[in-house]
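Going line by line, the protein sequences match chains A and B. Counting in UniProt numbering, the first sequence runs from 1 upward without gaps. Counting in UniProt numbering, the second sequence runs from 1 upward without gaps.
Calculated directly from the structure, the hints in this document are not laboratory data. Remember, predicted model here, so these are calculated numbers, not experimental data. Heads up, a few of these hints could be off.
The list treats identical chains as one, so a pair stands whether inside a single copy or across any two.
What the hints assert, rightly or not - Cross-link-like lysine-lysine pairs, in silico, DSS-like; alpha carbons within 27 Å at most:
{"no.": "1", "residue 1": "Lys75", "residue 2": "Lys373"}
{"no.": "2", "residue 1": "Lys373", "residue 2": "Lys235"}
{"no.": "3", "residue 1": "Lys63", "residue 2": "Lys49"}
{"no.": "4", "residue 1": "Lys326", "residue 2": "Lys268"}
{"no.": "5", "residue 1": "Lys65", "residue 2": "Lys443"}
{"no.": "6", "residue 1": "Lys326", "residue 2": "Lys373"}
{"no.": "7", "residue 1": "Lys274", "residue 2": "Lys180"}
{"no.": "8", "residue 1": "Lys76", "residue 2": "Lys65"}
{"no.": "9", "residue 1": "Lys268", "residue 2": "Lys373"}
{"no.": "10", "residue 1": "Lys373", "residue 2": "Lys319"}
{"no.": "11", "residue 1": "Lys65", "residue 2": "Lys49"}
{"no.": "12", "residue 1": "Lys76", "residue 2": "Lys107"}
{"no.": "13", "residue 1": "Lys402", "residue 2": "Lys443"}
{"no.": "14", "residue 1": "Lys402", "residue 2": "Lys274"}
{"no.": "15", "residue 1": "Lys274", "residue 2": "Lys107"}
{"no.": "16", "residue 1": "Lys443", "residue 2": "Lys235"}
{"no.": "17", "residue 1": "Lys167", "residue 2": "Lys319"}
{"no.": "18", "residue 1": "Lys319", "residue 2": "Lys274"}
{"no.": "19", "residue 1": "Lys268", "residue 2": "Lys319"}
{"no.": "20", "residue 1": "Lys319", "residue 2": "Lys273"}
{"no.": "21", "residue 1": "Lys107", "residue 2": "Lys65"}
{"no.": "22", "residue 1": "Lys24", "residue 2": "Lys49"}
{"no.": "23", "residue 1": "Lys319", "residue 2": "Lys402"}
Number of protein chains: 2
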Amino acid sequence: MSYLVCKFGGTSVATASALTQIKKILDLDTRRKILVLSAPGLSSGIVTKVTDHLITIAEKTLKNKDVRRDVGAVKKRFITNYTELGLSEEVILEVLSELDVRITQNKEHPEKLRDSIVACGEEFNANLFSQYLNLCDTPAEFVCPQSIGLRVSSVYGDAQPTEEGMKNLEEIAAIADSGKVVVFPGFYGIAEDGSVATFSRGGSDLTGALIAEAIGAIEYENWTDVNGILSANPKVVSDPEQIPALTYKEMRELSYMGFNVFHEEAVKPVTEKKIPIRLRNTNNLSNPGTLIVSDRLPDERDVIGIAAASGFCLFNIQKYLMNREKGFGRRTLQIFEELGLSYEHSPSGVDDLSVVLDQNQLQPGTVNSIIRKIEDELSPDSIRTEFGLSLIVVVGEGLLHKIGVLAAAAQAFADAGININIVNQGSSEISIIFGIDSADEDKAVRVLYDSFFNDDTDDE
Amino acid sequence: MSYLVCKFGGTSVATASALTQIKKILDLDTRRKILVLSAPGLSSGIVTKVTDHLITIAEKTLKNKDVRRDVGAVKKRFITNYTELGLSEEVILEVLSELDVRITQNKEHPEKLRDSIVACGEEFNANLFSQYLNLCDTPAEFVCPQSIGLRVSSVYGDAQPTEEGMKNLEEIAAIADSGKVVVFPGFYGIAEDGSVATFSRGGSDLTGALIAEAIGAIEYENWTDVNGILSANPKVVSDPEQIPALTYKEMRELSYMGFNVFHEEAVKPVTEKKIPIRLRNTNNLSNPGTLIVSDRLPDERDVIGIAAASGFCLFNIQKYLMNREKGFGRRTLQIFEELGLSYEHSPSGVDDLSVVLDQNQLQPGTVNSIIRKIEDELSPDSIRTEFGLSLIVVVGEGLLHKIGVLAAAAQAFADAGININIVNQGSSEISIIFGIDSADEDKAVRVLYDSFFNDDTDDE
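So here's chain A without its partners, still in its complex pose:
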């Protein structure tokens, strides 16, 4: 059988009514047999995520502080939600009692204690939701990393699945084959010594992706509170188009610059098996969402999205006959690497080379260290710095073979009087990156959007 793996984010599991909506979504498609749940998140009137409470509990526990109030707040969330759904308080408290066990465990390994507490939100939620489904006469089984053997590396807070863990996940298909809905907690796995180890924050997306990969799901549905991916930031462009379908690469290029609807690293497992990801809105079932696929059919749109990010700076190094010096570029990049800095782009002219990097990496004095090292090691004719740059990326699969996209983008900037400091079109066939002054960022996104999405009205 082929299944949809459905992951529900924090707001989609925040309240009893949200949880009943999941039940409704399950009933609409019988292929939805594998659920991955986050911990209860925010909702109207709820200002703290369960996971944030749990982080506080872990921190206080390690400092031997009183956590009763915080533990009470966590328990109250689950009790409120699941009693409303018909579970008895007794059953719920039985599940929640595991938290009391975890806060009293040995503090010898703070990171293990922390992860085991922080993962409780997902674990309890999946367990209780499976009980709720059974109560509704939907046969369901709570399956968790402990029971299935989702083995991960012992990097607490940033664990990665092991080969054995991936192999074990395959068994989930057999459980679904028996007709039961599998309810699985996101965000964590089991380290070699049996302790809980969490993924990086937002890691429930990764859990869903791993299961989708392991069982060869026909689609990975990622349910949140947004309709899908928009073609531009709605805070900048009014009512931007929703993207119906885009490729993994396009999503990655967009998410690089602030489109953070989806946990990036979670894309990797599914890309390898070419499993489509569909972003859906739990509260708007009539919206088909955004489909993320390995290939898409060319459509009338050359450009599918425009993203922007600020906070970049640039070091421009000029040296006469630079290109005669073998290794000049490599040595330049090595200086940045030795100072612990990663760079984004390195456009070059004939006798000059620029290094563009995220300026948030810079500590006081870093700029001087960079300049001193460049002067000492490369003897340039001059070094120039620019701060407060924004990078604007125009994304579209096969973009570089669409003649005229660069011209249209550059013309839009020219018409708006925006100076382009950097252009980086790297033969990736998927994006063109412009570096401009941050003061022009919003204007740039708007004129590009108008050029590529509102061109019908502009013509004639």
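On the provided structure of chain A, position chain B as indicated by the hints.
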């Protein structure tokens, strides 16, 4: 006193009539007191440069072959030219006898023997021309590296001046101050042991530049057989505009891609002292030539020239989440460096990096070595290669602050149906580089020329 340093190239000293033209040029401006001469070059009916004869003589001498015929050819050139100008054959032969000495010297150091023979063309020419000037009642003095002490490094065939050598050159001003015209041979200096060491080929340009720098000349005149620098290759664009003035940097960017009117390295000494270089045509005194300066006034032209070069290839490396891997770019460039390859540009996208290099560097098997090393060391998702790329550079000082130049260039490509594989605008403020398929190179240069130079007629 302030002087013009005047260097005359091979065709400008090829025949007796060419040499009288130099005398005429001297008489037109009394500030022309320092001449640097090349060896006699090509002219109508003369198919071998004196320097090429001398290279043959040096090679044959080292192999103990008969050189009498070649020596005869060299002597005949000087005898023909200078007897026509009134020097006695006896005087000429006396000067030329030095060649007989040099071909019989010790062969223990082949490179010293070679350089001392090859430099004879310039040495004899300067010596004889000074005698001709004196014959015309123009007081002149033959000054040479040996007499003034133009000390150079002992890198035969690619020598560089030493600090002492530069200091000694300053004395040339004093000789000119005495009212005499200094006639100096180009192309060589004197190594530490007193032997002749030549500059790299075309190095007479460097001699002139060094003297201009040493004496603080008001202008460095470089006389050849072309009017100046054209804004595009006349073999591609019909009757391209001559550039009236451009900056050192602009010249460098143009010369990078095949505008080789001027020996590149020769620019460096004069740039440091901001001495203007004027390219002039010996045979067209009414043409003011092209002036190369440190700064130029902004004029109506945003773009001053368009150059192109073919024979580039590209390696495109894709790896998901590449920008999270610190040092990825540096390690990529290091692979090319370790294989002894230099690269031109390295444009990048979000998850991809391209390395553009001169494909003439590649030996059979190099491409496979590159790909294997990249796969072994960087584990990319994919590597793609492209061969037969041309780079087109659009040059103009302050270009990047002229809004709309990129748009105009990109539009010209789009209108002509030319696909742009790479764009590299590196914040150098001076050029935009496009990578395209070589099949489109000529068309690209023509449409860019039309866009930036023929726009008056286009706009009607």
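Using 27 Å as the alpha-carbon threshold, which applies to Lys326 and Lys373: within, between, both, or neither?
Classified as both; 18 Å inside a copy, 19 Å across copies.
Using 27 Å as the alpha carbon limit, work out where Lys65 and Lys49 are close: within a copy, between copies, both or neither.
Result: close within a single copy only, 21 Å intra versus 92 Å inter.
Alpha-carbon proximity between Lys76 and Lys65, which holds within one copy, between copies, both or neither at 27 Å
within (20 Å within a copy, 104 Å between copies)
Checking an output row: Lys63 and Lys49, CA cutoff 27 Å. Within, between, both or neither?
Answer is within: at 22 Å inside a copy they meet the 27 Å cutoff, but 88 Å across does not.
Quick one: Lys402 to Lys443, C-alpha cut-off 27 Å, is that within a copy, between copies, both, or neither?
Both. Shortest intra-copy (24 Å) and inter-copy (18 Å) distances satisfy the 27 Å Cα cut-off.
How would you classify Lys65 and Lys443 at a CA-CA limit of 27 Å: within, between, both, or neither?
neither (50 Å within a copy, 75 Å between copies)
Treating 27 Å as the Cα threshold, decide for Lys274 and Lys180: within, between, both or neither.
within (26 Å within a copy, 83 Å between copies)
Have a look at Lys24 and Lys49 and pick one of within, between, both or neither, based on CA distance no larger than 27 Å.
Answer is within; shortest intra-copy Cα gap is 24 Å, inter-copy 91 Å.
Tell me, please, which holds for Lys274 and Lys107 at an alpha-carbon limit of 27 Å: within, between, both or neither?
For Lys274 and Lys107, neither the intra-copy (43 Å) nor the inter-copy (71 Å) Cα distance is at most 27 Å.
Checking Lys319 and Lys402: alpha-carbon separation at most 27 Å within a copy, between copies, both or neither?
Cα proximity of Lys319 and Lys402: across copies only (23 Å, versus 35 Å in one copy).
How would you label the pair Lys167, Lys319 (within, between, both, or neither) given a Cα cut-off of 27 Å?
Classified as between: cross-chain Cα gap 25 Å, same-chain 55 Å, threshold 27 Å.
Is it within, between, both, or neither for Lys319 and Lys274, if the alpha carbons may be no more than 27 Å apart?
Close across copies (16 Å), not inside one copy (46 Å); limit 27 Å.
Hints 1, 2, 5, 15 from the list above are not met by this structure, while the remaining hints are.
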